[in-house]
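K.L.:
Each chain, letter by letter, is given below.
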Amino acid sequence: MDFGKLFELVVSSSLVNNYVFTMFLGLCIFFGVTKKMETSIGMSITFTTVMMISAALSWIVYKFIMVPLNIEFLLIIVFIGIVAGLVQGSDTVMRKLAPDLYNKLGIYLALISTNCIILAVPLQSVGNKYNFIETIAFAFGSGLGFSLAMIIMASIREKLELADVPVPFRGLPMAFVITGLIALAFTGFSGLITL
Amino acid sequence: MSAAGEEQISYWELIRNGILKENTIFRLALSLCPAIAVTNNLKNGFFMGVAVVVVQVMVNLTISAMRNFIHPRIRLPIFMLVISGWVTIVNLVMDAAVPDVYKDVGLYIQLIVAFASILARAEMFASKNSVTPSVFDGIGMGTGFFIALMIISFFREVVGKGQVWGIPIIDAKPLLILILPAGGFFAVGILMAAFNWMYAKYFSSGGHSH
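These protein sequence lines map, in sequence, to chains A and B.
Quick note, in the numbering used here, the first sequence goes up one by one and the last residue is 198.
Quick note, in the numbering used here, the second sequence goes up one by one and the last residue is 223.
Since the hints were made in silico from the structure, they are not lab data.
Since the structure is predicted, the reported quantities are computational estimates derived from the model, not experimental observations.
Don't be surprised by glycine CBs; every beta carbon is placed ideally from N, CA and C.
Heads up, a few of these hints could be off.
Footprint (simulated), chain B over chain A, 3 or more residues, beta carbon under 8 Å [unchecked claim]: (1) 15-29; (2) 74-87; (3) 174-183.
Here are some of the chain A residues that sit facing chain B, going by a computed Cβ distance under 8 Å [unchecked claim]: (4) Pro171; (5) Ala186; (6) Leu187; (7) Thr190.
Make a model of the complete structure from these sequences and hints.
P.N.:
Printed below as a string of structure tokens:
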């Protein structure tokens with residue numbers, strides 16, 4: 004396996020093609036949990052883990068079940084099923100086996116199934132014809148990028164609590180403008196790696 | 014929804030509710046991803062909006078028609094199945110009918126599946142009401158989303174490129190930043206603030222908290 008290629012994939016999916024700042028996915032969760040640093044760190048951990056498992060699982064199902072049966076057009080239905088099933092399953096397993104962890108991260112798990120990134124990663128890895136290892140690297144990079152975005156945003160929004168923002172801009176509109184500024188900074192990464 | 018007159022809520026009221034009071038993007042701040050991603054020109058925004066309206070109406074229709082047969086405990090998987098079925102149909106139709114637009118917005122059309130707003134309407138409205146009000150609710154919510162997309166993409170295309178639907182109208186140097194990814198966030202932030210301001214000024218009859 005070409006290690007350099009994998010590294011490129013991780014860097015490009017976390018920085019250059021950051022899901023939040025250049026692809027605009029996962030915004031609902033992004034704006035929802037970044038009010039506090041603690042929640043966004045919890046979300047980052049849960050999210051990256053679930054993302055890697057679901058991408059790997061989807062890849063296996065696609066390669067060994069859907070392609071031989073010629074049912075690629077059912078992509079969306081199958082993948083959303085996998086994600087929802089996985090989230091529900093890990094919710095149950097975690098509650099039984101690791102109640103402590105469940106109390107900390109359980110609520111994020113429920114939120115994840117409505118996240119578009121978790122569905123976009125398998126869809127894109129199929130679209131780009133990645134192999135198994137590349138899919139995992141891609142999922143890891145995307146998770147890393149999303150975590151980075153959430154942590155940056157949370158640290159800014161905690162400070163924002165003290166700022167005097169004009170009334171119509173309070174809350175979300177201001178968060179959007181700030182995200183725009185960060186996105187502008189992330190534009191600097193474009194062209195760093197071309198795949 | 015207001016407590017008074019819930020039984021006799023008119024169809025017009027349902028549509029108005031979706032467009033103004035519970036506007037998916039500007040008021041509820043749901044399903045924001047495509048609102049920014051595909052709105053760098055009017056054409057993409059238009060087709061994305063149409064896709065969402067169709068999915069929302071058809072999902073509401075299907076679910077309200079089936080609502081007596083769905084066991085409450087397995088309702089969410091069934092809703093997801095219905096939604097992804099309709100999204101698949103719309104996805105395939107768009108791919109065949111408007112391939113040049115599909116190239117840009119294809120991924121986001123597939124991701125309509127994960128729209129919180131569609132699942133939320135299925136759960137909150139369509140599963141409790143009969144077919145006709147559900148369809149109107151779908152039209153209202155879908156149109157609210159559609160209008161929001163049109164406003165954002167119009168704003169971005171005019172200011173960012175000086176064009177409307179690819180036709181140049183302003184003969185001046187455009188503010189390129191608005192069609193960049195970052196500009197999408199600025200545009201939505203500013204428009205959202207404007208919508209808040211307008212709502213507070215003209216439509217506030219109390220009862221909303223945001």
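K.L.:
Now, for every hint given, state plainly whether the structure supports it.
P.N.:
Hint by hint, here is what the structure shows:
no. : hint    : verdict
1   : 15-29   : holds (count 6)
2   : 74-87   : holds (count 8)
3   : 174-183 : holds (count 9)
4   : Pro171  : holds, 4 Å
5   : Ala186  : holds, 4 Å
6   : Leu187  : holds, 4 Å
7   : Thr190  : holds, 6 Å
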